[in-house]
Amino acid sequence: MGSLEGILSGVQLAFSFQGLLFVFLGVVAGTLIGMMPGLGPISAIAIMIPITYNMDPAVALVLMAGVYYGAVFGGSTSSILLNAPGISGTVATTFDGYPMAQRGEAGKALAIAAISSFVGGTISVILLMLFAPVLSNIAIQFGPAEYFALMVLGLTAISSLADGSTIKALISAVTGIMAVTIGIDSQTGTTRFTFGNPNLLEGIDFLVVALGLFAIAEVCALIINRHESPERNGSIGSLKLTKKDLKDMSGPMGRQSFLGFILGILPGSGATIGSFMGYISEKKIAKNPEEFGKGSVKGVAAPETANNAATSGAFVPLLSLGIPGSGTTAVLLGALLVLDIQPGPLLVQDQPALFWGVIISMYIGNVFLLILNLPLIPYIAKILAIPRPMLISMVIMFSMIGVYAISFNTFDLYLLLIFGAIGYIMRLFKFPAAPFILAFILGGMMEESFRQAMTISNNDITVFVTQPIAMSLLLIALLSFIVPIVQNTRRKKAEQK
Amino acid sequence: MKKSLVLSLSLFTVLGLAACGTENSGSNENGSASGSSGQENWTPQQSLEIVAPSGAGGGWDTTARMAAEGFESEGIIDKGIGVVNKEGGGGAIGWSYIAEKAGNPHHMFVSSPPLLLVPLNGQSQYGFEDFTPIANMISDYGAFAVRDDAKWDNLNELFDDMKDNPEDITVIGESSPGSMDHIQFVKIAKAAGVDPQSIKYVSAQDGSTMTNLLNGNADVYSSGVTETIEQVRAEEIRVLGVTAEERLEGDVVSEFPTAKEQGIDETFVNWRGFFGPPDMTEAQISYYEEKFKALSESEHWADTREKFAWNEMYMDSGEYTQFLKEEKESMQQLLNELNISGG
Numbered sequence: 001m002g003s004l005e006g007i008l009s010g011v012q013l014a015f016s017f018q019g020l021l022f023v024f025l026g027v028v029a030g031t032l033i034g035m036m037p038g039l040g041p042i043s044a045i046a047i048m049i050p051i052t053y054n055m056d057p058a059v060a061l062v063l064m065a066g067v068y069y070g071a072v073f074g075g076s077t078s079s080i081l082l083n084a085p086g087i088s089g090t091v092a093t094t095f096d097g098y099p100m101a102q103r104g105e106a107g108k109a110l111a112i113a114a115i116s117s118f119v120g121g122t123i124s125v126i127l128l129m130l131f132a133p134v135l136s137n138i139a140i141q142f143g144p145a146e147y148f149a150l151m152v153l154g155l156t157a158i159s160s161l162a163d164g165s166t167i168k169a170l171i172s173a174v175t176g177i178m179a180v181t182i183g184i185d186s187q188t189g190t191t192r193f194t195f196g197n198p199n200l201l202e203g204i205d206f207l208v209v210a211l212g213l214f215a216i217a218e219v220c221a222l223i224i225n226r227h228e229s230p231e232r233n234g235s236i237g238s239l240k241l242t243k244k245d246l247k248d249m250s251g252p253m254g255r256q257s258f259l260g261f262i263l264g265i266l267p268g269s270g271a272t273i274g275s276f277m278g279y280i281s282e283k284k285i286a287k288n289p290e291e292f293g294k295g296s297v298k299g300v301a302a303p304e305t306a307n308n309a310a311t312s313g314a315f316v317p318l319l320s321l322g323i324p325g326s327g328t329t330a331v332l333l334g335a336l337l338v339l340d341i342q343p344g345p346l347l348v349q350d351q352p353a354l355f356w357g358v359i360i361s362m363y364i365g366n367v368f369l370l371i372l373n374l375p376l377i378p379y380i381a382k383i384l385a386i387p388r389p390m391l392i393s394m395v396i397m398f399s400m401i402g403v404y405a406i407s408f409n410t411f412d413l414y415l416l417l418i419f420g421a422i423g424y425i426m427r428l429f430k431f432p433a434a435p436f437i438l439a440f441i442l443g444g445m446m447e448e449s450f451r452q453a454m455t456i457s458n459n460d461i462t463v464f465v466t467q468p469i470a471m472s473l474l475l476i477a478l479l480s481f482i483v484p485i486v487q488n489t490r491r492k493k494a495e496q497k
Numbered sequence: 498m499k500k501s502l503v504l505s506l507s508l509f510t511v512l513g514l515a516a517c518g519t520e521n522s523g524s525n526e527n528g529s530a531s532g533s534s535g536q537e538n539w540t541p542q543q544s545l546e547i548v549a550p551s552g553a554g555g556g557w558d559t560t561a562r563m564a565a566e567g568f569e570s571e572g573i574i575d576k577g578i579g580v581v582n583k584e585g586g587g588g589a590i591g592w593s594y595i596a597e598k599a600g601n602p603h604h605m606f607v608s609s610p611p612l613l614l615v616p617l618n619g620q621s622q623y624g625f626e627d628f629t630p631i632a633n634m635i636s637d638y639g640a641f642a643v644r645d646d647a648k649w650d651n652l653n654e655l656f657d658d659m660k661d662n663p664e665d666i667t668v669i670g671e672s673s674p675g676s677m678d679h680i681q682f683v684k685i686a687k688a689a690g691v692d693p694q695s696i697k698y699v700s701a702q703d704g705s706t707m708t709n710l711l712n713g714n715a716d717v718y719s720s721g722v723t724e725t726i727e728q729v730r731a732e733e734i735r736v737l738g739v740t741a742e743e744r745l746e747g748d749v750v751s752e753f754p755t756a757k758e759q760g761i762d763e764t765f766v767n768w769r770g771f772f773g774p775p776d777m778t779e780a781q782i783s784y785y786e787e788k789f790k791a792l793s794e795s796e797h798w799a800d801t802r803e804k805f806a807w808n809e810m811y812m813d814s815g816e817y818t819q820f821l822k823e824e825k826e827s828m829q830q831l832l833n834e835l836n837i838s839g840g
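Chains as they are written, first to last, in this note's numbering: chain A, 1 to 497; chain B, 498 to 840.
The set of hints was computed from the structure by calculation and includes no laboratory data. Treat the hints loosely; a few may be bogus.
Pair by pair, the computed Cβ-Cβ distance ranges are [unchecked claim]:
1. B:E654 - A:N137: 25 to 35 Å
2. A:S238 - B:A596: 54 to 64 Å
3. A:S472 - B:K822: 52 to 62 Å
4. B:D575 - A:L25: 22 to 32 Å
Which bits of chain B does chain A cover? Going by a derived footprint, with three or more residues having C-beta under 8 Å, they are [unchecked claim]:
5. 576-590
6. 668-676
7. 706-720
8. 729-735
Everything numeric in this text was worked out from a predicted model, so none of it was measured. Beta carbons are placed, not taken as given, at the ideal position from N, Cα and C, and that holds for glycine.
Model the full structure from these sequences, guided by the hints.
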């Protein structure tokens, strides 16, 4: 069979000296870049375009893919240790990873993240290998109406991200939706809420908001409360996971490998939405959801599995259709063109060695990442032993560098500080930041796809309920909204009796 | 263009920061030096900076990086050349950065039709008149694609259908209304007699344009020629027309009919070239003209063009300025008809 030969030549490529060397270099570079708050894989891949100019295309792709998933793998480190997300796909990891580290279990949190990343990465590569051509059809099914329904479903989770008051969570979410409307409106070309400031024309970058609301706000709180709280526990705790931990992890890891992978396949969705949806869905089905947000094992395992699975998922439309599924794969697509690789529906036939070589190198890369990361955890976690004043300065500095690297624009640094202040004020008055950030991610896409769908259907709103996928998604959204309310009233009635 | 296509140059951040420091000190020296040495020959006194006013990985970024690489590997310019991304405002952030470098010709940026469209849409205070057009290097053209099973066989059938049932046909492109993908389609459709305002245009980012063409949400995809090639080869889509003057050269693209040969007398050029800050002297302009011409004529650049399916379109400073004036007028007219204006 042709494809078996293809796979064999892919194995040959992946296990060649060059293949092994460059997947290793790629994942090392990726992990390091991912660990730095704000620095992500897109920039790293863009830099490599001229470097890989004369390389064997397959090896270059192996290298760049390694940087990509390596960065997603490493991105959890600063989320957990510093509350400063390394890349946008690891924002959800801060929700439980950071509380865990504060409890003195940084080592355990990092170990959970590494293992879940490995599992998510590996299972999704298997899925990628088995189903890439079949699944690419799913990606194609998603039009504006379906995306709108998916985003609505995501937003119903806001109440579950609430930490106490649902009203406060909703206010936080609405503010997030408002913030994302800033900039040029994609459907009319009109500028909205920019106040004539050209720096706001392209909107506010997600990482600016995330680093502001999480890292800078945390730093503010640490500085202002420095006399009240005792010096933080510098110990990192044991790396060992108990049997119970492993048991807790296995459910989320299994489920999120699939969910994350599927979300990754959808163009425009990617690791960020994957990790949020992973976190939310695990919280929804958990027996004790109140543990989430306070350092739950599942709360770390779920987003970390999902974001790595989504990363492999993003390769499905890229390799099998030539359609980039995320910002990073869009840059990767550009890089491939330089290398004379034309990703498209014919890639599997035309260049089987390359196609399978990259996929197989992803297994190897994930193994490298695990062997590389686990032994390093005690050393990396030592960061927490740094005296607090220095640590705070470091977080501020790295957040600033990360934000500056997004656009090389000093204006974004002011925005970072503004969102830091907003984040701190929100904390003071107990408004949760998670709904803000979730609404910021989903709101933009929700509005855009709603309006695209309406334009296409000539303003016929039934477009959302006449197409099966969109309708089912909306139905699930409706259920996930109503069921908790019904359960609540029943419980109250029962209590009254 | 959008925020997802963000994040520039992480590894070089520190270098970038360092470079900023040296630029500032450099601009002072050269601000005064350029006035006195404006007569005869001029050569750069320091390393050069090319700004790509977008995130990493896009068309501007690629052009800038490939040009810098070409200058260095061919030994055309012996000073170091750094490419810096200044993303934001559809280019406006990068442009205002160069506008502030008046009198310091060590800084340039790469641009294309958005340099005309963004100011016309009222989204940038600087337009091409505020800079020194140095040289145009390449051109690219638009392509209008439909699904392989679509009922139209050529542009005229499509446009006739659009005249009768404009609400049934959705055109999709990456950029927002009033920007390139929209304007290139409107320009050709208008020449064929379609009312510009009746065209139903949807903008979609993040790679979902092709998806929406393939799944039937959109009927026509207005894009660059390169983006269509692979799907055409796989017989998923067909290209009804390209906006070039003549047939393009290359494997698949030579089969794409032009709008012109279908009797629609209109073209749209996605030109790409380099601009310097305001107030450059004759000597400085001719220095760069010469260098860009040498690059344009080199084997190396021919390879680059082939790799990215770009077309040769060298223009020197004078030709370029004239060309831009004419292009701007025609864009202005289209935008007026679409009722899109500065806001």
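| Which hints, by number, does the structure contradict? | Checked against the structure, no hint fails, so every one of them is satisfied.
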